[in-house]
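Protein chains: 2
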Amino acid sequence: MEGRIRAVVEHVTPEVDGGRFPVKRIIGDVVKVEADVFADGHDEVCAGILYRHESEDGWQQAPMQRLEGDRWGGQFPVSKVGRYGYSVEGWIDRFGTWRRDLTRRIAAGQELEVEFQIGAVLVEEAAEAAAGEDRERLAGWAQSLRHETDQPVLAALATAQDTAALVRRYSPRRFPGRYEKELGVVVDRPRARFSAWYELFPRSCSPEPGRHGSLRDCEAWLPYVASMGFDVLYLPPIHPIGRTFRKGKNNTLGAGPEDVGSPWAIGADEGGHTSMHPSLGTLEDFDSLLAKAAATGIEIAMDVAFQCSPDHPYAREHPEWFRKRPDGTIQYAENPPKKYQDIYPLDFETADWRSLWEELRRVFFFWSARGVRIFRVDNPHTKAFAFWEWVIGEVKAQYPETLFLAEAFTRPKVMYRLAKLGFSQSYTYFTWRNTKEEIVAYFRELQETGVREYLRPNLWPNTPDILPEYLQVGGKPAFLVRLVLAATLAGNYGIYGQAFERAENTPREPGSEEYLNSEKYELKHADPQAAGSMKEFIARINRIRRENPAFEEEGNLRFHETDNPSVICYSRATGDRSNIVVIMVNLDAFHKQSGWARLDLQALGVDEQRTVQAHDLLGAGRYLWQGPRVYFELSPESLPAHIMRLRRWVRTEKQFDYYL
Amino acid sequence: MEGRIRAVVEHVTPEVDGGRFPVKRIIGDVVKVEADVFADGHDEVCAGILYRHESEDGWQQAPMQRLEGDRWGGQFPVSKVGRYGYSVEGWIDRFGTWRRDLTRRIAAGQELEVEFQIGAVLVEEAAEAAAGEDRERLAGWAQSLRHETDQPVLAALATAQDTAALVRRYSPRRFPGRYEKELGVVVDRPRARFSAWYELFPRSCSPEPGRHGSLRDCEAWLPYVASMGFDVLYLPPIHPIGRTFRKGKNNTLGAGPEDVGSPWAIGADEGGHTSMHPSLGTLEDFDSLLAKAAATGIEIAMDVAFQCSPDHPYAREHPEWFRKRPDGTIQYAENPPKKYQDIYPLDFETADWRSLWEELRRVFFFWSARGVRIFRVDNPHTKAFAFWEWVIGEVKAQYPETLFLAEAFTRPKVMYRLAKLGFSQSYTYFTWRNTKEEIVAYFRELQETGVREYLRPNLWPNTPDILPEYLQVGGKPAFLVRLVLAATLAGNYGIYGQAFERAENTPREPGSEEYLNSEKYELKHADPQAAGSMKEFIARINRIRRENPAFEEEGNLRFHETDNPSVICYSRATGDRSNIVVIMVNLDAFHKQSGWARLDLQALGVDEQRTVQAHDLLGAGRYLWQGPRVYFELSPESLPAHIMRLRRWVRTEKQFDYYL
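Line by line, the protein sequences are chains G and L.
If you're matching positions, the first sequence starts at 937 in this note's numbering and goes up one per residue.
If you're matching positions, the second sequence starts at 937 in this note's numbering and goes up one per residue.
One or more hints might be untrue.
[To be verified] Derived DSS-like pairs (lysine-lysine); straight-line CA-CA distance at most 25 angstroms:
hint, chain 1, residue 1, chain 2, residue 2
1, G, K1117, L, K1349
2, L, K1117, G, K1117
3, G, K1412, G, K1528
4, G, K1372, G, K1185
5, L, K1349, G, K968
6, G, K1349, L, K968
7, L, K1274, L, K1260
8, G, K1528, G, K1372
9, G, K1412, G, K1349
10, L, K1228, L, K968
11, G, K968, G, K1117
12, L, K1275, L, K1260
13, G, K1349, L, K1117
14, G, K1185, G, K1275
15, G, K1228, G, K1471
Just so you know, these hints were derived from the structure itself, not from any lab.
Construct the complete structure from the given sequences, taking the supplied hints into account.
Shown next, in the form of structure tokens:
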């Protein structure tokens, strides 16, 4: 123990759950750190950040500045994928204290002789730590403090800014007080924060209606998906599908022999989670798809659904991984009174949990080794939390660039926990947030609370399981609205593709969110050339996202007031304000809506007195705005939204010749 | 590692700085604990508190109930002085899950045979953990579940409340998930929360003007102090006073031979921090004072000021504990350009810090051994934080009932840190909070933020160093106002006695907060029998405090609106609402003020439709109130405040014979 430590560090931010979990960032970010740093008594203190990548032993240092009172702030860069640690330390600034007091003594006309001797010692200490020219300068100053007799000369030297800066730079940190915890940052590649997902059933990719599509067929879709601007192609499970209790069309019991079953009922005689569905092709076909996708700028996201059909090899080879019923049968999935007899859940309370965990890790490693770097995890909230923390850590230790998307539609605290445990992105409640109040409240929760530090939303207007009421009743305008919102409210979004492009909106029955004739249970014929597709609109939205860096930055979503409850207005802007985008969306899919928005111009860094040009990247109109009040008029069919890029109007009349 | 743990615990409250510091409570409190507890999947969970006194090895358990969503709450009692640890654990409620699902299955008319077998196993597990009659009942139920064939009988048994309660009581906690931290509670005796302090210079206690008072003289004051209702008598330092650079009257340089000096300039030839000032008496006199005080219900608070006069024995014997100047002299205290040459501060950065810490601990132990159990620590913020955490821990390990009051008038974060480190009570900014807005804002900060968990305010309207402007200009009404506020806004308060009773309000010079002819620097003649004293008013206030248990409870301060900015209204109420007190204070010491208050009756547990009697314990008036709007009229001289005890008006007209 060192009893001479006098500075303390408290309330470091960012910090998740007292340091239990890391925050998330991407390569190239600077991590902004704040802390309360203070000492006993009246001495001045200094503070600094310590940080290191997990591959480094020693700490690197970053400076901190006093923000206000005892609050200090600084930042450090993260340039490598992986985990960083950081902490803050504070120490007594002896030279700063001496200099501050000297100024007061000079003002009071006090005797200074002994004071200069004290200062000389401090400057000598700094000189010892310095080298080269700096050392010489410091040593020279120390000499002057010791021997110079002209007090005004001495005072000028002692209080000069450049002297202070140089001495501070080399002064030893005597007895630094360290924040008691080392906090963590998990750094991912940029796609963790900015990605556009397209979900596609490969079995629907056959060019001939009625034939089971394959991964080779899927390859032919890549240019189409790329042309719409997506960079992640997410495939539902590609493994053999169980036959026992297989579900028929529209999720019915008693499938016929031609029924293809749900891809999520994984496992059959042909294998389980590391096998290919025979009709989809071979592992080599998978490798080929991965390579071709990469060549078109698309990454394949693999679905990991840790559950088994009764025909899964695990059920025979590892019955101990499942819960047994007293009658000796394996417990199928249930949500009483509903039964899902086509699914056996894995029992994470099995005595043999170690071998189960290891096998599931093997599944990840198997696909990682083939090149998969994005896993979309099905229902992670029905598997043990501790398992996820462990397995994500294991996979990232081998393949640090791997991303995990948590498909957990469940209670907020459970979703947040999964994000904290390591999932890189998370499905959200966006799917059901339709009104202005709902959207504002939800995104404020995601962005303005601590949640932002660890949860990256991935917004989906639809999924194969969810056709929301808003899309069912709102027709094509509803699809346009939800697409604009998903693509512009967060960095990550995705659509369940063909059904979305074609604005499919017929539920299985009134009041249901299931699709009629859902692709989950039958072969569909997907056709990228079909008429009436929204593909061009989608492509435009994705192009706008790519061309405006504001959409790639995090934490810059800001809502602005409107006087019309059906119209939402928000902005995204880069930190340097070189790219400012204002989005206005008419949430009413049935009526034209108009009114006024009141922009927070100060937050946008726009001068109230100057005209800005608002260029609608969606509608292609150009408008001149001045001041915070802005008129809008949005029609569901023709123009449900504005995505306005603001451009500063650089010239004023004073620049014209006639004015001069 | 146990991989089968499925429940997690998050966000436990109370928790200070991620568990780094304990919360504070007193004997007899129940500690209310909340936590987020949840598991993966859809199983029901249970949660419970674990707690133990530091003297105990094993955990005790306290139940928790679901509050809302995944939030759970419970409480545990603290009955011993010392430190308790607590944590929360959650586990899967297998029987509860089974019972919930069974109810749904029954409603859906499903086959239940296997389900009853599953339930039988769970009931058998509980039976094994039970004994006696409970065991027999459980075993009987298990038998029924196994063999009974009448399904309605079985269903009734399985879903009965008493069955569920008994099974839950004995069901083993399988794989409980524990919150990762053990949190702490420091439990003090009740005086830590509720005390009335009286500060008295013993040297002023002589019955003859001009003679130096002694501790024996001080004894004669005890009945007087007790009669005013104080229970802590706080004495400025009683040690020998230095002669070198001794301060004269009114804090002047160059004291004459008859000048007595400041008691805080500790140390002379006669000794230091464990010696008695010869004129005050002997250690035996001190023992006698302590005993006599105890006999009148008064506890002596000792002043601990770790600083030395140049004549202190430490300066000769341990020059290494002080900072040296280059000219070889010891560094005196300074706040440049001010110099305090009569004071040498101890250097907590000394290489010999271990021996310094041990010596200072010895000082505490010396007085603890003589029976002192309250230390008022002078300027703790100018000594190292780590020292305080250590020495308070050391003293409490030997004398657990010891209380420490931090006299730190400094920046909020520093004050809060000292409280977190272990000080039982803290001086506050109350001394300078005069307006309604200031008082409301400050006490909200102290009470409604996490600060309440570790900082217990001790409110002082004046001290020997601080004669606030409000008292200087407001005359006697100002003293009445500040006394009522101090005594009723918090459990602990104190006055610098004689100067307060006599409403002394002349500053040394305009703009100064120092007293003219301050008792710090000269002998005064204190006279409890002096005319014009506020002693009766003070006695009444202290009696009201003692007679109304609402003042002893913590966290029950609630402000109510008034339409007059000069009048503040607040209430204190016991948790069971058996004692409700509403206080109204006219902060304007010059004018009569009247207006309306709007009471939050719901918070007070008072029915809006019923009449309550408001009994003014100060003015002795009685009023009938109905509904939230209440009129007040307060005059500085005659009645600056109401302290209204609310009594429910029990009888209504319906209870009279003629009504029936």
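Verification of the supplied hints:
no., hint, verdict
1, K1117/G to K1349/L, "holds (19 angstroms)"
2, K1117/L to K1117/G, "holds (14 angstroms)"
3, K1412/G to K1528/G, "holds (15 angstroms)"
4, K1372/G to K1185/G, "violated (37 angstroms)"
5, K1349/L to K968/G, "holds (22 angstroms)"
6, K1349/G to K968/L, "holds (21 angstroms)"
7, K1274/L to K1260/L, "holds (18 angstroms)"
8, K1528/G to K1372/G, "holds (16 angstroms)"
9, K1412/G to K1349/G, "violated (34 angstroms)"
10, K1228/L to K968/L, "violated (39 angstroms)"
11, K968/G to K1117/G, "holds (17 angstroms)"
12, K1275/L to K1260/L, "holds (16 angstroms)"
13, K1349/G to K1117/L, "holds (19 angstroms)"
14, K1185/G to K1275/G, "holds (17 angstroms)"
15, K1228/G to K1471/G, "holds (22 angstroms)"
In summary, the structure is inconsistent with hints 4, 9, 10 from the numbered list given earlier, while agreeing with the others.
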